[in-house]
Amino acid sequence: MEIKYTIQGLLIYITMAAYLPAFVATIARRTRAGRVLFFAGFALAVISFVYRWIHVRHVPLQNLFEVFLFLGVACYPISWFCRRALRIGGQWADMLIGAIVLFPAGFIFNAEPMQLPPALQCWLFAPHVAVYMLSYVFMLKATFQAGEHLLNRRPRVEETVIPPEQATYELIAIGFPLLTLGLVLGSWWGKLAWGHYWGWDPKELWSLASWLVYVGYFHWRHMSGTKHPRINSLWAMMGMLTILVTLLWVNLARIFAGLHSYAT
Amino acid sequence: MSQLKRMLLWATLVAVILLAGLSVCGAFLGAERAQAFFNSLPLVVYWFAAIALLATGIASFRRLLRVPSLLLLHAGCILVLLGAMWGSEPGHALRKRLFGIDKIPEGELDIYEQMQEDRVVVKDANDVRRLPFSVRLNDFRMEYYEPGRLFIWSRDGRDWRMPAKAGQTLALGGELGTVAIRRVFRNFRIDLREDEPVAYDEPGGSNPALEVTVDRPGSAPGKRYVFERRPGHTNPDDPLAMSYFRAVRDYVSELEIVRDGQVVAAKDIEVNHPLHYGGYHFYQQSWNENEFGEYSILMVVSDSGLNAVYGGYVCLVGGVFWHFWGRRTLHWFRTHYTITAKIPGESQ
Ligand code: HEM
Chain W
1 MEIKYTIQGL
11 LIYITMAAYL
21 PAFVATIARR
31 TRAGRVLFFA
41 GFALAVISFV
51 YRWIHVRHVP
61 LQNLFEVFLF
71 LGVACYPISW
81 FCRRALRIGG
91 QWADMLIGAI
101 VLFPAGFIFN
111 AEPMQLPPAL
121 QCWLFAPHVA
131 VYMLSYVFML
141 KATFQAGEHL
151 LNRRPRVEET
161 VIPPEQATYE
171 LIAIGFPLLT
181 LGLVLGSWWG
191 KLAWGHYWGW
201 DPKELWSLAS
211 WLVYVGYFHW
221 RHMSGTKHPR
231 INSLWAMMGM
241 LTILVTLLWV
251 NLARIFAGLH
261 SYAT
Chain U
1 MSQLKRMLLW
11 ATLVAVILLA
21 GLSVCGAFLG
31 AERAQAFFNS
41 LPLVVYWFAA
51 IALLATGIAS
61 FRRLLRVPSL
71 LLLHAGCILV
81 LLGAMWGSEP
91 GHALRKRLFG
101 IDKIPEGELD
111 IYEQMQEDRV
121 VVKDANDVRR
131 LPFSVRLNDF
141 RMEYYEPGRL
151 FIWSRDGRDW
161 RMPAKAGQTL
171 ALGGELGTVA
181 IRRVFRNFRI
191 DLREDEPVAY
201 DEPGGSNPAL
211 EVTVDRPGSA
221 PGKRYVFERR
231 PGHTNPDDPL
241 AMSYFRAVRD
251 YVSELEIVRD
261 GQVVAAKDIE
271 VNHPLHYGGY
281 HFYQQSWNEN
291 EFGEYSILMV
301 VSDSGLNAVY
311 GGYVCLVGGV
321 FWHFWGRRTL
331 HWFRTHYTIT
341 AKIPGESQ
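Chains as they are written, first to last, in the working numbering: chain W, 1 to 264; chain U, 1 to 348.
Isolated chain W, as found in the complex (with noise of 0.2 angstroms):
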């Protein structure tokens, strides 16, 4: 873990005394206060991400770096839609998220820039990580939601929200899409590279393998309905960790060492 003393270290670490009071602010029924220092993050978190642009002269999507990074960024305007066109709450969670993912960029990622490598040189390079962390972002929301339904809570302050158990539905069935179409882009993209559009490497198999948990959890909620919620979102949550594992573990873990491997 290292501090950053840069521009980008600290517009990060600011962002994130942004989220972080926000977070407070709302679960101590602060709603606005929370929705103003939410938005301030926000504005933040673009500065910091263009700024980053601006230095790396490339979208800043290459490494994970840039990517939680570009996570904090895109937390705000995910959670401004599910409250205003899904009624889905957990504000809070939100806030907590951005914080969350902003605390590796800011403390535990190299911000070295790099050269772009051959492969990476491609137009579809930007669109699949990008729609794969917004995919990402939802699936986040709907385990925070699996979990307030797991522990039986009622929405904190917004009232007029759905129940967890539909929100998770709701939020997967948004962020499903998403992640079918990360899946499929990085395979043709895979195919223009690589010669192959799936090359059975590890990190792929996590992908098609938290795909298809959200496949299994649509049919077993179709199959069994609200008639075990629990079960619904103790699935929803095991999207979650492979979704985890896809994006840290094998980046990170030397035994899964493959093409992707470069993404470290």
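Since the hints were made in silico from the structure, they are not lab data. Every residue, glycine too, gets a C-beta built ideally from N, C-alpha and C.
With a Cα cut of at most 30 angstroms, we get these calculated DSS-like pairs of lysine-lysine:
| no. | chain 1 | residue 1 | chain 2 | residue 2 |
| --- | --- | --- | --- | --- |
| 1 | U | K165 | W | K4 |
| 2 | U | K103 | U | K123 |
| 3 | U | K123 | U | K96 |
| 4 | W | K227 | U | K5 |
| 5 | U | K267 | U | K123 |
| 6 | U | K267 | U | K103 |
Pulled a few chain U residues facing chain W out of the computed Cβ check, cut under 10 angstroms:
| no. | residue |
| --- | --- |
| 7 | L13 |
| 8 | L29 |
| 9 | G30 |
| 10 | L73 |
| 11 | V248 |
| 12 | V320 |
| 13 | F321 |
| 14 | H323 |
Given the coordinates of chain W, work out where chain U with the ligand should sit on it, guided by the hints.
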């Protein structure tokens, strides 16, 4: 829900969980062994069963047939699986046996500049086969990010890096002095005929190097050459070790396809930009050099089944977006429209 439908759904769940579990196991095997595993006989049986299950599902559940998005996404899965089987190595072998269609599934084609080649070393088969046309390589080149970088290490474990540009200097501090880059060579040559050897850049070839001076306090500046390809030995008394590095930006092969003496296709292929001709894709895979010079290594891959796989992808992605996003968006617009339409009625 009827007994049969229930059973089909249970079978689907088992099949999906099984494949997820096998994918996780495959991730521990590494790509090569995983590929062999997923192409093994029990898994071939699994793939056929999965296709049958999907088809039976579509035939048995009315909603899967009636709701276009559901039909599209389930049919998309069938197309992807069929395309993948058609394009696999066993798929190629089967087509050769049944229909006499003889296509190379995958192989490697090594080719020197200004040469023409049609022989492909078939992957995993130790066999050389010929393409029904030839490939000519007009030029092969590597492009680099400029400037490269000079890496410097001191004996006490410190390290520095500087852009490999003429005129750059870096003060290392203390006894180590200052490092300066005097010249950057693309193709370093040295003329030893004079009393003082003369280094010069010869156009054409490639032997990238840097001329570097190290200016230490109290001694005359020392000159040295740092080569990109031949790192050389470090003098045990030398307090500094150096290395010159340039990151590859791209590999480019200027290819032409020649059939019956005519050029029928041409493309400068690079990573991410293959050439497609005659049922094959040609990829820039690698390069190497031997006593005859540099040669480009191309990967040749049959395109069988690719259209089905891509068609399946389109159906699958279209289907899931339509099902989960499109229907929700429509619903949202409909409710919105109904509310605004009702207002005049309510006021009457
Ligand atoms: C990898 C293969 C499969 C994928 C990706 C897939 C995907 C999906 C998706 C995304 C849904 C929508 C779920 C929802 O609206 O909540 C669905 C529904 C459904 N699937 Fe599959 N499925 C697959 C295989 C199968 C198979 C083999 C069957 C046959 C038994 C099947 C039968 C159904 C049924 C009956 C529904 C419910 C339709 C409804 O009434 O809404 N699926 N599937």
